[in-house]
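Following the hints, put chain X with the ligands in place on chain R, whose structure we already have.
Going down the list, the protein sequences come from chains R and X. For the record, in the first sequence the residue sitting at position 151 is 150 according to numbering that gives the first Met the number 0, with numbers rising by one throughout. For the record, in the second sequence the residue sitting at position 84 is 83 according to numbering that gives the first Met the number 0, with numbers rising by one throughout.
In short, the hints are calculated from the structure, not lab data. Where hints are given, some of them may not hold.
Claimed, not checked - For lysine-lysine, the following DSBU-like pairs were computed, each having C-alpha atoms within a straight-line distance of at most 35 Å:
1. X/Lys156 - R/Lys123
2. R/Lys126 - X/Lys156
3. X/Lys156 - X/Lys104
4. X/Lys276 - X/Lys106
5. X/Lys310 - R/Lys126
6. X/Lys276 - X/Lys104
7. X/Lys310 - R/Lys123
8. X/Lys156 - X/Lys310
9. X/Lys156 - X/Lys106
10. X/Lys309 - R/Lys126
11. X/Lys156 - X/Lys180
Stated by the list, open to error - Some residues of chain X that are not near chain R, with every Cβ distance over 10 Å (derived):
12. Val72
13. Ala76
14. Gln241
15. Glu301
Even for Gly, the Cβ is constructed at its ideal location relative to N, Cα and C.
Listed below are the residues making up each chain.
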Amino acid sequence: MRDRYALALGDDALILAQRLGEWVARAPELEEDVALANIALDLLGQARSLLTYAGELEGAGRDEDALAYWRDDRDFRNVLLVELPGGDFAVTMARQLVFAAYQYELYDRLRASTDDTLAAVAGKAVKEVHYHRDHATQWVLRLGDGTDESHRRMAAGLETVWPYVDELFEPFDGADVDPAALREPWQAYVGAVLAEAGLEPPATGQHRTGGRRGLHTEHLGYLLAEMQHLHRSHPGATW
Amino acid sequence: MAGTEEREAAFYAIIDADGRIEPRDDMPEAYRRTLVRQIAQHAHSEIIGMQPEGNWISRAPSLRRKAILLAKVQDEAGHGLYLYAAAETLGVSRDQLLELLHARKQKYSSIFNYPTLTWADVGAIGWLVDGAAITNQVPLTRCSYGPYARAMVRICKEESFHQRQGFEALLTLTRGTPAQKAMAQDALDRWWYPSLAMFGPPDTGEQASGGHTEQSMRWGIKRFTNDELRQRFVDMTVPQSQVLGLTIPDPDLRWNEERGHYDFTPPDYDELFRVIKGDGPCNAQRLAHRVAAHEDGAWVREAAAAYAAKKQEVAA
Ligand SMILES: [Fe+2]
Ligand SMILES: [Fe+2]
Numbered sequence: 000m001r002d003r004y005a006l007a008l009g010d011d012a013l014i015l016a017q018r019l020g021e022w023v024a025r026a027p028e029l030e031e032d033v034a035l036a037n038i039a040l041d042l043l044g045q046a047r048s049l050l051t052y053a054g055e056l057e058g059a060g061r062d063e064d065a066l067a068y069w070r071d072d073r074d075f076r077n078v079l080l081v082e083l084p085g086g087d088f089a090v091t092m093a094r095q096l097v098f099a100a101y102q103y104e105l106y107d108r109l110r111a112s113t114d115d116t117l118a119a120v121a122g123k124a125v126k127e128v129h130y131h132r133d134h135a136t137q138w139v140l141r142l143g144d145g146t147d148e149s150h151r152r153m154a155a156g157l158e159t160v161w162p163y164v165d166e167l168f169e170p171f172d173g174a175d176v177d178p179a180a181l182r183e184p185w186q187a188y189v190g191a192v193l194a195e196a197g198l199e200p201p202a203t204g205q206h207r208t209g210g211r212r213g214l215h216t217e218h219l220g221y222l223l224a225e226m227q228h229l230h231r232s233h234p235g236a237t238w
Numbered sequence: 000m001a002g003t004e005e006r007e008a009a010f011y012a013i014i015d016a017d018g019r020i021e022p023r024d025d026m027p028e029a030y031r032r033t034l035v036r037q038i039a040q041h042a043h044s045e046i047i048g049m050q051p052e053g054n055w056i057s058r059a060p061s062l063r064r065k066a067i068l069l070a071k072v073q074d075e076a077g078h079g080l081y082l083y084a085a086a087e088t089l090g091v092s093r094d095q096l097l098e099l100l101h102a103r104k105q106k107y108s109s110i111f112n113y114p115t116l117t118w119a120d121v122g123a124i125g126w127l128v129d130g131a132a133i134t135n136q137v138p139l140t141r142c143s144y145g146p147y148a149r150a151m152v153r154i155c156k157e158e159s160f161h162q163r164q165g166f167e168a169l170l171t172l173t174r175g176t177p178a179q180k181a182m183a184q185d186a187l188d189r190w191w192y193p194s195l196a197m198f199g200p201p202d203t204g205e206q207a208s209g210g211h212t213e214q215s216m217r218w219g220i221k222r223f224t225n226d227e228l229r230q231r232f233v234d235m236t237v238p239q240s241q242v243l244g245l246t247i248p249d250p251d252l253r254w255n256e257e258r259g260h261y262d263f264t265p266p267d268y269d270e271l272f273r274v275i276k277g278d279g280p281c282n283a284q285r286l287a288h289r290v291a292a293h294e295d296g297a298w299v300r301e302a303a304a305a306y307a308a309k310k311q312e313v314a315a
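Chain R extracted, bound-state conformation:
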């Protein structure tokens, strides 16, 4: 049970790290190349700890690389939100705000887990994610309350990611922290940021889901093809 939970949280972090890595050397300014690489690195570190632990719990001898590189998309357990293409900077920041605010509430509670390993991972990650949330907050404010164009793009970015919000809070069998309990504090934080930025939470009626059961978007297959091809081309090799 718990191995599936660690795997799901690890996949979230891994896939988002992969997406954020795409910004490196193409960010709007050099400071953002540094910041987005930094956030990607934090997430990758979280993913490595969580996947390693998931492999240990599973007890089938799979390490972080076996789990990252040798599963197909139907075996990935990340939420759909993290696998969406990066889009423009506004889409990326919309996702960052939504996801970092969720991850912050999650890790903040997971610190108290009776599982020492998960508690330790969360204790380290919560500080990192606090910064991720702040970084996204600053950008949503700037873009929401910047120019007409940035406001329009930021609103469109929120529209893009909003159908994927509910999935974050769906029940998860064997979760140490009940996802549903995160919704209220998440709402309070994100709602306040959007209000200050002069943005409305999109009134979407759409709810995309399935990631936790391995039912993904078409995008994940391409992401994995790129991420996994070299590793898989040399089975058994050490890097």
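Relative to the frame of chain R, chain X with the ligands by itself:
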């Protein structure tokens, strides 16, 4: 206000005493211009260099290597930041310098106009390109211009870390499967001569660069000639290639007892000049990528500026 001659004398007194020129000190206009050009070219090299390596972040063959590579490319962005900041102390903004880069009016290291075709190229860049950069840059930590010298101290520490990581990545390949070892040798075959060309044209002969070196040495900007640095790099790198078990693609490479140095075949300087002029495998691609990133980000930078202005208004 001191006269021109007195100010120049004060400048050279600092140079001759091996002191540091600081932004507020008087300096000859030609000194300032030379430094701006050199620091800008160095800064541009850091940020263009993010592309060939960034090319492998998504495909890195293990999560550990992915993390190392991400951190390295992030360091290079940081180097760009320090260097643009050093240039700003000479009165030019980052925006101005980027505009010159985008308009092809300033250059970056020609090495980054070669493609990274395999994973081993990431290791080869760390080992050879960061290695050559260190050889070039360690003397710059004693450069006469204070802000540049101080930026180089920090940068060199990170570059030497990158060099060791690149070496270690290649060592893992050469101790791996036959396919991995072949990949490492192929990378060395392609990167060796472009790395030697990183030290610039030779100091003597037909292809020698005209006069820059001498003037820069007088000003304490340059401490060694191109050929001295190239030799130092070869002498340092050959023993490392032996540890790796890789063959440097130079049949005439051998130890010269008399000179106490390795003899080696120089790089093809005609090729270097062609690549500098824009005719390299990736010149067009690298610049187009950079310009596209800049243009795609324009609305974001405008929004940030508009937001900052609004906040200032409220505060005022
Ligand atoms: Fe660098
Ligand atoms: Fe470097």
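How the hints compare with the structure:
1. X/Lys156 - R/Lys123: holds (27 Å)
2. R/Lys126 - X/Lys156: holds (27 Å)
3. X/Lys156 - X/Lys104: holds (30 Å)
4. X/Lys276 - X/Lys106: OK: X/Lys276 and X/Lys106 at ~9 Å, within 35 Å.
5. X/Lys310 - R/Lys126: holds (28 Å)
6. X/Lys276 - X/Lys104: holds (11 Å)
7. X/Lys310 - R/Lys123: Answer holds: X/Lys310 to R/Lys123 is near 34 Å, not above 35 Å.
8. X/Lys156 - X/Lys310: The hint is violated at about 39 Å.
9. X/Lys156 - X/Lys106: holds (24 Å)
10. X/Lys309 - R/Lys126: Within the cut-off at roughly 30 Å; holds.
11. X/Lys156 - X/Lys180: Distance ~29 Å between X/Lys156 and X/Lys180 Cα, so the pair holds.
12. Val72: Violated, since 5 Å does not exceed 10 Å.
13. Ala76: violated (4 Å)
14. Gln241: holds (22 Å)
15. Glu301: Contrary to the label, X/Glu301 does not stay out of reach of chain R, its closest Cβ about 6 Å off (not over 10 Å).
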